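K.L.:
Now for the letters of each chain:
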Amino acid sequence: MISFSEIASSVHQWLNSHLSPAWVLTVEMVIVGVAAIALFALLGLVLVIMERKVAAYMQIRLGPNRVGPKGMLQSTADTVKLLVKEGITPAGADKFMFNLAPFIAMITAMLLLAPLGFAKDFQIWDLNIGVLYVTAVSSLSVIAILMAGWSSNNKYSLLGAMRSGAQIVSYELSAGLAIMTIVVLTGSLQLSEIVESQRNGWWIFKGHLPALIAFVIFIIAVTAETNRAPFDLAEAESELTAGFHTEYSGMKFALFFLAEYINVFTVCAIGATLFLGGWMPFHIGNWEGFNHVMDYIPSSIWFFGKTFFLIFVIMWFRWTFPRLRIDQLLDLEWKYLLPISMFNIILVTVIAIYHLHG
Amino acid sequence: MYSTTEHIGVNELGDMIINVGPQHPATHGVLHLVITLNGETVKKVEPHLGYIHRSIEKMCESLSYRQFIYSTSRMDYLSSHINNHGCALAVEKGLQVEIPARAEVIRVLMGELTRVASHILWWGALAMDIGAFTPFFHAFREREMINEIMEETCGARLTMNYMVPGGVMFDLHPNFHKRVKALLQQFKDKLDEYDELVTYNTIFINRTKGVGFISAEDAISYGMSGPSARASGVSCDIRKIYPYGMYDKVQFDEVLLQEGDTYARYLVRMQEIRQSLSIIEQLIDNIPEGDFQAKTKAVLKLPKGEYYSRVETARGEFGVYIVSEGGMTPYRIKFRSPGFSNLSALDHMTRGSKIGDLVATMGSLDLVIPDIDR
Amino acid sequence: MEREELQQYLGGLGSLTFEEGGEWINLFVESGDFRALMEQLRRDEQLGFDYLFCLTCVDFKTHLTMVYHLSSTRYRYNIVVKSKLDRQQPEIETVCDIWRTAEFHEREVYELFGVKFMNHPDLRLLILPEGWEGKNPLRKDFEDEVNMIKL
Amino acid sequence: MFIVDYIKSIYGAMKSMGTGMKRTAYYFTHHKEIITEQYPDNRDTLVLPERFRGEVVMTHTEQNEHRCTGCTACELACPNGTIKIVTKFDISPEGKKKKAVDKFIYHLELCTMCNLCIEACPTNAIKMAQSFEHSVFDRSQLTKVLNQPGSKLEEGVE
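Chains as they are written, first to last, in the numbering used here: chain A, 1 to 358; chain B, 359 to 732; chain C, 733 to 883; chain D, 884 to 1041.
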């Protein structure tokens, strides 16, 4: 069976046999860049249509069903529409900052892709501080939002940006602590090693209660960090019309939109890697036959399956819950999530010291 | 109309001034609020009205007593039938006509259906204000059933114009009974679902409890009425205190809560849906036979004098004040709309709260803008 | 109190004239005594008219009449207080510190009828846009060639 | 106890959200509950109730006869000036002049579908049709003449 890692290594060998090592690296980087952008474009389209369909079914509607089979090309059509629309820069805006912000949002979202293991031995950059890199880069996204909100010269945008700043900075903490739980259990910051450590069971199953608590906190915190409902205060529709991207239109708006979905994808992929074993198949103890069938499913399908399940959960939240108020949002973080995750990390340290985990 | 600092956007104290509306998702129409903000905290709310003012009162001065009723449907379009009822009552007071029992029952039935439809839509809209989108679509499912009943019997879905002085325009449609029964059954199943989705949700409770508080004295002083006032413990249900139509012959409770906050207003309306359904349940099997319209003259002339009728719409007390000089048209009509008074209390209720609270409070008042502007 | 009793009681409050007929007790008061009477109606323990449910004005071509519909939530009395105003210089004391709902209603009457409410804290146009000061659309002699369609 | 309350509040919150999510999950998996009507596609099967008020039409028999005597009762009953009746004088066989309708002009753009004209008509000449797709590109197309050209008053209608 052809796997991603085999394709990658064959491409690598072919390039090595024809070019000098420096050129090989350059060509590979270009290939990776193009592949990443293509993946993002595709992911954006898929996630938008998925969100709309999930929302529609939960709201007893049909959802998009006109363009393409069952409306599956709707988001493509929307993208084309947004591409040809005029991108207006408001007269009072800080033009440079205003036009820069959507690209920063996009670039930070793309940077997060680097350490992800999409399939077995298929990773762009397996750096040894992968987890640290993820937490560090993901907090950059607040800069884009603040920039967009401030430079728009619109009071709604400003309010939205300020809300989002407070929100992302606070939720960084508990998201980081939830990730630390797994780091403590694994003893490594390298994402490939974390995946490898789950060969005999995913952390959510063998990590006892602390891993479960950390998982729940992680999901809540990343929902907040990506500005998704019920934590979408930055764009709170009924309060601030569209929040920080009120003034954006056309492709600049689409980039923000895309960045939001890419962020959702990357944080869900990280969640899947840390807690649900990344590309590791699902195994049950000694059921050899069952485990064999599970092994037969390609690792990339496992990875994307888990990621999309988490994305679905986050969408599920969005279409069920009302929005929190800004003070309640901060209450939730500082009074509930942070103390619990601090307590949790002590608990997990005890478990790790006594080697109670599998 | 505007203060000079408004164009700058910041006042002398450094507070930010924001225009919410006339086009804004939270105002459900063309309401324009100028709010003064200190960070996230609301310091002052000032409504600017008139974006949909059609001067219905002036228009009615040139319409006959048969004709003016239709225009009141366009005021509070969500409880148009009850508005029409109020107008018909005022005209009938002047004409001294006896309304057939069947017409009375039909009027009350339709009125309660309208109330349920209005409350259901409000439920969805409030949930949407607070950030939950799904309830809005679920609300439309039940509302659609009521609209279909209206369409079948009255001939229109929203602005029915089913009321004529002396009764109603048509008899009930043969399917009416069956459809209302189906509706009652549907609500039995679905009202609990509403509770699951919204009422008991922690986020919803946190967003609404203690938000937009108004005391009973203030509610009376601001002239509030309807569910918004009853949530503060003000007994003001016109159906109970000054019964009209059939309301003195049916069993229902006036829902009163003491908390006076957004959650109480929410609960009052949810309870009122159940009360209205019970009224419908009592009446649907006991519709008396007979005429649906009393005989009236082709040209109606009210004797010289003043006539005031009060009805309870989904939003509160609706009053029709007719001054007649004895002619074919009213000399002066004043519509006392519930939304206008309820809106005047908004500033008092939201001072010192957050923007999110302002939106929640505004949603809980159930404002319909054409009703405010008239 | 029954209607007659109430009427008697009200008669003792000052110089009023009653109008016969009508659903509720109608009382006329001179605009000079108006403010004192309204305060009494609100504060009197026997009456307690705390709910102003309708405030409007009627243009009778020769004069304007302010109409206040009052209700007492405690005793469920309803009365109508009226006051005749001069059509050229309509002026009356505000009641918006007694019933706060009057603030908006008086602003509405101010722009639609041109009645000036003395001591009103914020007497500006509420519904009509800028430039409508002094034009009073609900008066009987108001003409608008463009928007009014005569049937 | 503070800790007990704290845990209880967390549990209660989780439970309430769980019930909400269960409800949306139910609808997500039960596609039969979908109530969407796909309007332009279901035109063929769309049945409007017979009382639905779409626009005013004048009924004509197969012999191109209508029942309108031109009494202008509907014109007087209309609150918006939607109906304008232009009358003419027909010469009856006996040589008498008789008032008859020449043009029944109906302004759909002014009509609020209040049904008062239908109620006022003494001869049941007009009725409400169920058509509701009224949009046109030019406002003048909304002004209609309801009596068909060459139509006559039905025999026996006074």
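Simulated from the structure, these hints should not be mistaken for lab results.
Hints may be right or wrong, so weigh each one.
Computed list of lysine-lysine pairs in DSBU-like fashion (alpha-carbon distance at most 35 Å, straight line) [unchecked claim]: (1) B/653 x C/816; (2) A/81 x D/915; (3) D/891 x B/546; (4) B/401 x B/712; (5) D/905 x B/567; (6) D/905 x B/546; (7) C/867 x B/655; (8) D/967 x B/659; (9) D/1010 x D/981; (10) C/872 x D/967; (11) C/816 x B/598; (12) C/872 x C/816; (13) B/712 x B/653; (14) B/416 x D/1027; (15) B/653 x D/967; (16) A/70 x D/982; (17) D/982 x D/967; (18) B/653 x D/1027; (19) D/1027 x D/971; (20) B/451 x D/1027; (21) B/416 x D/1035; (22) B/451 x C/814; (23) B/712 x D/967; (24) B/659 x D/898; (25) D/898 x D/915; (26) B/712 x C/814; (27) B/567 x D/1027; (28) D/967 x C/867; (29) D/898 x A/206; (30) B/402 x C/793; (31) B/659 x D/1010; (32) B/546 x C/872.
Partial list, computed: chain C residues near chain B (C-beta under 7 Å) [stated by the list, open to error]: (33) 760; (34) 786; (35) 870.
This one's a predicted model, so the numbers in the text were calculated from it and none came from an experiment.
Don't be surprised by glycine CBs; every beta carbon is placed ideally from N, CA and C.
K.L.:
Hint by hint, note whether the structure agrees.
P.N.:
Consistency of the hints with the structure:
The hinted pair formed by residue 653 of chain B and residue 816 of chain C fails the criterion: a straight-line CA distance of about 38 Å is larger than 35 Å. Annotation: proposed proximity of residue 81 of chain A to residue 915 of chain D holds, straight-line Cα distance about 33 Å (limit 35 Å). Our distance criterion of 35 Å between C-alpha atoms is met by residue 891 of chain D and residue 546 of chain B, whose separation comes to about 31 Å. Between residue 401 of chain B and residue 712 of chain B the CA atoms are separated by roughly 9 Å; this keeps the pair inside 35 Å, and the hint holds.
Restraint check for residue 905 of chain D and residue 567 of chain B: satisfied, since their Cα atoms lie roughly 24 Å apart, inside the 35 Å limit. With a CA separation close to 19 Å, the supplied pair residue 905 of chain D and residue 546 of chain B stays within the 35 Å bound. Proximity of residue 867 of chain C to residue 655 of chain B is assessed by CA-CA distance (about 38 Å); at most 35 Å being required, the pair is judged violated. For a cut-off of 35 Å, the pair hint linking residue 967 of chain D to residue 659 of chain B stands: about 25 Å separates their Cα positions.
Note on residue 1010 of chain D and residue 981 of chain D: the hinted pairing holds, with a Cα-Cα distance of about 24 Å set against a maximum of 35 Å. Pair hint residue 872 of chain C plus residue 967 of chain D holds up; C-alpha atoms about 27 Å apart against a cutoff of 35 Å. Under the criterion of a C-alpha separation no larger than 35 Å, the hint pairing residue 816 of chain C with residue 598 of chain B is consistent with the structure, at around 34 Å. At most 35 Å may separate the alpha-carbon atoms for a hinted pair to count; residue 872 of chain C and residue 816 of chain C meet this at roughly 16 Å.
Proximity of residue 712 of chain B to residue 653 of chain B is assessed by CA-CA distance (about 56 Å); at most 35 Å being required, the pair is judged violated. Restraint check for residue 416 of chain B and residue 1027 of chain D: satisfied, since their Cα atoms lie roughly 29 Å apart, inside the 35 Å limit. The straight-line distance between the Cα atoms of residue 653 of chain B and residue 967 of chain D is roughly 28 Å, inside the 35 Å bound, and the hint therefore holds. At roughly 61 Å between alpha-carbon atoms, residue 70 of chain A and residue 982 of chain D are farther apart than 35 Å, so this suggested pair is violated.
Under the criterion of a C-alpha separation no larger than 35 Å, the hint pairing residue 982 of chain D with residue 967 of chain D is consistent with the structure, at around 15 Å. With a C-alpha separation of about 33 Å, the suggested pairing of residue 653 of chain B with residue 1027 of chain D holds against the 35 Å cut-off. Taking the CA atoms of residue 1027 of chain D and residue 971 of chain D, the gap is about 18 Å. The hint holds against a cut of 35 Å. With a C-alpha separation of about 39 Å, the suggested pair residue 451 of chain B and residue 1027 of chain D falls outside the 35 Å cut-off, and the hint is violated.
Between residue 416 of chain B and residue 1035 of chain D, the direct Cα distance comes to roughly 41 Å. Violation of the 35 Å bound is thereby established for this hinted pair. Under the criterion of a C-alpha separation no larger than 35 Å, the hint pairing residue 451 of chain B with residue 814 of chain C is consistent with the structure, at around 21 Å. About 56 Å separates the Cα atoms of residue 712 of chain B and residue 967 of chain D, which puts this hinted pair outside 35 Å; it is violated. The suggested pairing of residue 659 of chain B with residue 898 of chain D is violated, with an alpha-carbon distance near 63 Å, which exceeds 35 Å.
As the CA atoms of residue 898 of chain D and residue 915 of chain D are separated by approximately 27 Å, the hinted pair is consistent with the 35 Å bound. For the proposed pair residue 712 of chain B and residue 814 of chain C, the alpha carbon gap of about 42 Å is over 35 Å, so the pair is violated. For the given pair, residue 567 of chain B sits about 56 Å from residue 1027 of chain D by alpha-carbon distance, which is inconsistent with the 35 Å threshold. For the proposed pair residue 967 of chain D and residue 867 of chain C, the alpha carbon gap of about 33 Å is at most 35 Å, so the pair holds.
For the proposed pair residue 898 of chain D and residue 206 of chain A, the alpha carbon gap of about 25 Å is at most 35 Å, so the pair holds. Proposed proximity of residue 402 of chain B and residue 793 of chain C is contradicted: the alpha carbons are some 40 Å apart, above 35 Å. For the hint pairing residue 659 of chain B with residue 1010 of chain D, the CA-to-CA distance comes to about 27 Å; that is within 35 Å, so the pair holds. With a C-alpha separation of about 52 Å, the suggested pair residue 546 of chain B and residue 872 of chain C falls outside the 35 Å cut-off, and the hint is violated.
Contact between residue 760 of chain C and chain B, as hinted, is not supported at the beta carbon level, the nearest pair being about 13 Å apart and thus beyond 7 Å. For residue 786 of chain C, the shortest C-beta to C-beta distance to chain B is roughly 4 Å, which falls under 7 Å, so the interface hint holds. Annotation: interface hint on residue 870 of chain C holds; nearest CB of chain B at approximately 6 Å, less than 7 Å.
Against the hints set out earlier in the document, violations occur for numbers 1, 7, 13, 16, 20, 21, 23, 24, 26, 27, 30, 32 and 33.
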